[in-house]
Amino acid sequence: MVGGCSVLLPLPDPSRAIMPAPPSFYTNPSSTGCWIPHQPRLVAWAFVRKTSALLWLLLLGTSLSPTWGQAKIPLETVKLWADTFGGDLYNTVTKYSGSLLLQKKYKDVEPSLKIEEVDGLELVRKFSEDMETMLRRKVEAVQNLVEAAEEADLNHEFNESLVFDYYNSVLINERDENGNFVELGAEFLLESNAHFSNLPVNTSISSVQLPTNVYNKDPDILNGVYMSEALNAVFVENFQRDPTLTWQYFGSATGFFRIYPGIKWTPDENGVVTFDCRNRGWYIQAATSPKDIVILVDVSGSMKGLRMTIAKHTITTILDTLGENDFVNIIAYNDYVHYIEPCFKGILVQADRDNREHFKLLVEELMVKGVGIVDQALREAFEILKKFQEAKQGSLCNQAIMLISDGAVEDYQPVFEKYNWPDCKVRVFTYLIGREVSFADDMKWIACNNKGYYTQISTLADTQENVMEYLHVLSRPMVINHDHDIIWTEAYMDSKLLSSQTQSLMLLTTVAMPVFSKKNETRSHGILLGVVGSDVALRELMKLAPRYRLGVHGYAFLNTNNGYILSHPDLRPLYREGKKLKPKPNYNSVDLSEVEWEDQAESLRTAMINRETGSFSMDVKVPLDKGKRVLFLTNDYFFTDISDTPFRVGASLCCPAGQTNLIRISGGGAHAPASFKTLQESQIFSQGSKPMFSQGEEGTAGLTSLGVVLSRGHGEYILLGNTSVEEGLHDLLHPDLALASDWIYCITDIDPDHRKLSQLEAMVRFLTREDPDLECDEELVREVLFDAVVTAPMEAYWTALALNISEESEQVVDMAFLGTRAGLLRSSLFVGSEKVSDRKFLTPEDEASVFTLDRFPLWYRQASEHPAGSFVFNLRWAEGPESASEPMVVTASTAVAVTVDKKTAIAAASSEI
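Counting in full-length UniProt numbering, the final residue of the sequence shown is number 913, and the numbers go up one at a time with none missing.
For the record, the hints were derived by calculation from the structure and aren't laboratory data. Just so you know, not all the hints are guaranteed correct.
[Claimed, not checked] Below 25 Å or equal to it, Euclidean Cα-Cα: the simulated PhoX-like pairs (lysine-lysine) are: (1) Lys444 x Lys425; (2) Lys902 x Lys114; (3) Lys264 x Lys580; (4) Lys580 x Lys626; (5) Lys264 x Lys582; (6) Lys107 x Lys903; (7) Lys114 x Lys126; (8) Lys451 x Lys519; (9) Lys425 x Lys386; (10) Lys903 x Lys105; (11) Lys840 x Lys580; (12) Lys360 x Lys582.
These figures come from a predicted structure and were not determined experimentally.
Please work from the sequences and hints to get the whole structure.
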């Protein structure tokens with residue numbers, strides 16, 4: 001356990017010194033704070049005035065000339081001042097923090113405790129199984145939608161004159177000048193729902209969105225919307241079966257987007273709805289298989305003006321249809337062939353966001369001149385594709401050439417005879433630019449004789465629809481074979497949450513599957529009806545790797561089969577521009593090696609990409625307090641894959657300089673008091689009760705990796721303790737006690753009746769059996785009860801101190817507080833709440849000072865890196881570093897350790913300010 005305190009000091013330099021149990025100072029070169037034995041607190045101006053006078057004398061002495069200073073201030077005198085200052089400071093923080101009492105309380109129960117070593121590989125496998133189970137439920141929901149959509153299409157007869165009203169997401173609840181609902185805009189009940197980010201939704205039915213360029217009463221649209229009405233019942237059933245589901249949807253190949261729960265869609269400032277589901281990564285990845293593509297663009301003189309503008313827009317649109325599993329290159333040709341990026345000559349590059357954006361910039365710089373000679377460009381494209389196919393590089397799936405020209409082509413047939421006939425393994429798609437049709441026959445011939453598709457693009461507005469046609473062609477083999485591949489996207493942000501939610505809530509991944517026509521008359525044609533999908537918040541996934549299992553500095557992380565980060569404590573995808581948060585460029589293509597940068601040989605990255613299960617140790621430097629401080633740790637990494645996904649999971653258990661302990665307090669044994677055995681034997685925690693996280697079954701192959709990082713010293717032993725439910729509840733229900741709001745003690749997001757409960761309220765209802773349907777993490781609840789009992793005397797201790805402080809006496813400390821590895825937090829004020837120097841401290845506004853889903857508090861982490869009983873001092877600005885004129889707050893914190901059978905683990909931390 002760790003505690004802390006803070007004080008206001010008129011010190012301009014936030015340097016940190018170290019003071020061991022005897023009140024003497026020494027410098028810690030790896031830190032910018034100071035520590036002395038035991039606990040932290042807030043010290044106010046009275047104490048500052050008394051101690052700072054000594055400091056100013058010391059500083060004054062150092063500013064005088066050497067001769068004068070040595071003659072007037074003997075070294076013994078300076079040492080006496082330092083010892084006096086150190087002794088006063090140490091006695092003050094020890095007194096107000098109550099650290100000696102807290103250490104004694106844990107010492108008293110040591111005979112009943114057990115410290116177990118954590119098996120990192122077993123831990124990461126358990127995380128992986130739980131995540132697999134959760135993700136499998138999402139896949140099952142999507143599969144239900146696929147079956148329902150295909151069955152509905154099978155039973156639907158196309159009606160050219162169909163008249164049908166539906167809930168248009170843009171028009172719902174809109175009225176005309178007479179107060180009547182507009183067409184397709186009937187009344188649609190919307191209610192704010194916490195599960196959907198407090199957005200107003202309708203959980204009983206879906207709504208339909210269409211982009212502005214799609215006519216909402218086109219016969220294809222009306223028939224598709226009518227057919228997909230059958231999905232409403234499945235949406236609701238899925239949500240009832242798995243209340244952790246978020247958005248479910250069906251994106252049609254004709255352009256409409258059915259979303260559940262129903263929602264009001266707001267056009268942009270120009271009144272335009274640009275969202276087209278067919279352009280989304282989840283749609284494109286599900287509709288086609290991975291592909292290698294070479295884009296050939298004609299830059300001869302005939303392409304000048306509008307034609308070149310359309311050609312550039314066509315290339316950009318094609319690039320937008322590619323994803324991380326695709327490979328691409330772009331070749332411009334006229335009298336000669338040249339790669340628009342010379343560094344990529346003769347190769348294909350992964351079509352990740354970085355490369356796509358780079359290509360777009362280069363495309364804008366293309367200039368026209370000369371005569372277009374297409375055969376050279378075709379030979380170059382075929383050679384690249386052939387080389388990659390033979391070397392088993394690239395996507396190892398579809399291969400295609402995109403030919404963009406105004407049609408002046410010749411001498412192309414010998415190239416196809418040499419490279420592509422008769423098998424036509426490379427499809428050729430042709431895009432005729434402009435209104436001229438003289439060369440249309442040649443462009444059609446090229447496409448039709450190479451299993452491609454021909455289209456003419458005469459205006460910029462035509463580009464989107466015409467480019468999308470190639471996706472349907474590439475999907476035909478999959479459609480004909482009815483290969484319902486399950487795809488998972490890379491991490492991305494939900495733009496609708498961007499303005500109101502924190503960054504950790506915005507990162508999502510989507511599971512999607514294609515929907516095919518099963519009608520006998522169209523089956524051989526390979527008709528893709530659309531794609532269904534559902535979003536998964538990565539934050540919810542990471543809750544299955546509970547913070548308390550990972551130790552003070554440990555953490556879990558996820559990355560994809562491409563090595564990109566899905567979730568990591570150091571992934572910060574947003575930046576602030578004024579008052580708005582905006583996504584950073586390429587936020588979803590951050591490589592694991594860019595975060596775990598000490599892995600210079602990329603051993604960890606390579607092992608995770610290869611879907612290995614194993615462990616890896618590494619010395620790391622961990623920045624703290626927004627980069628102001630650095631910890632030197634040795635991290636043990638454990639990693640494995642998540643079956644049936646492209647994800648890998650890892651965990652890091654870390655420790656300073658050599659030992660690896662994560663403490664689990666385990667009651668029982670011959671010396672354990674009866675009260676510490678009661679909870680273990682209670683029916684509440686019987687084997688028959690439902691665990692919070694069920695074990696996963698063996699299942700599908702995966703794309704994701706999971707990693708666990710354990711920090712030696714605080715990550716590989718876990719301390720276990722027990723107490724009775726009655727005693728624990730009594731000490732749990734105190735106003736000075738709080739729990740980590742982001743941690744999952746009990747599952748409250750499934751049953752709507754539970755969502756209004758705080759974690760503490762849910763835990764009490766679980767322990768009192770007031771609500772038998774509540775599921776809680778029994779191990780974590782047990783540890784919370786134990787910590788509540790052990791730390792309960794601190795309340796009386798702090799209260800007595802506060803009562804003994806006379807109004808006339810000088811206020812020394814604002815607040816004392818402590819935290820435990822179970823996320824329990826106790827605090828006590830020594831001044832009125834209006835007089836607290838830093839009012840954001842220990843509130844959600846100051847994430848660094850509280851337990852979060854990703855990290856232990858800063859004061860807890862700092863204290864754990866020094867010997868138990870030694871205080872760490874941390875200087876804080878009242879309103880931030882920009883308010884240099886404001887007095888600073890000093891937080892003092894110390895660790896409380898427990899030792900059993902020569903194994904030591906951090907039980908808590910105590911602090912004051």
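Does the structure keep Lys840 and Lys580 at a Cα separation of 25 Å or less? holds, 21 Å
Restraint status (C-alpha distance of Lys360 to Lys582 at most 25 Å): holds, 22 Å
Check whether the Cα positions of Lys903 and Lys105 lie no farther apart than 25 Å. With a Cα-Cα distance of about 18 Å, the restraint between Lys903 and Lys105 holds, given a limit of 25 Å.
Given the hinted pair Lys425 and Lys386, is their alpha-carbon gap at most 25 Å? This hinted pair holds, its Cα atoms lying about 10 Å apart.
Taken at face value, is the distance from the CA of Lys582 to the CA of Lys264 at most 25 Å? Holds. Lys264 to Lys582 sits at ~23 Å (cutoff 25 Å).
Satisfaction of hint between Lys626 and Lys580, Cα-Cα up to 25 Å: Satisfied, since the Cα-Cα distance of roughly 20 Å is no more than 25 Å.
For the pair supplied as a hint, Lys444 and Lys425, is the alpha-carbon distance within the 25 Å limit? Judged against 25 Å, a Cα distance of about 18 Å means the pair holds.
Pairwise hint evaluation, Lys519 against Lys451, where the allowed Cα distance is 25 Å at most: holds, 23 Å
Is it true that the CA of Lys114 sits at most 25 Å from the CA of Lys126? At roughly 22 Å apart (the allowed maximum being 25 Å), Lys126 and Lys114 satisfy the hint.
Is it true that the CA of Lys902 sits at most 25 Å from the CA of Lys114? holds, 11 Å
Pair hint Lys264 and Lys580, alpha-carbon separation not exceeding 25 Å: Holds: Lys264 and Lys580 sit about 23 Å apart, inside 25 Å.
CA of Lys107 to CA of Lys903, is that 25 Å or under? Distance of about 14 Å is within 25 Å: holds.
Checked against the numbered hints above, the structure breaks none of them.
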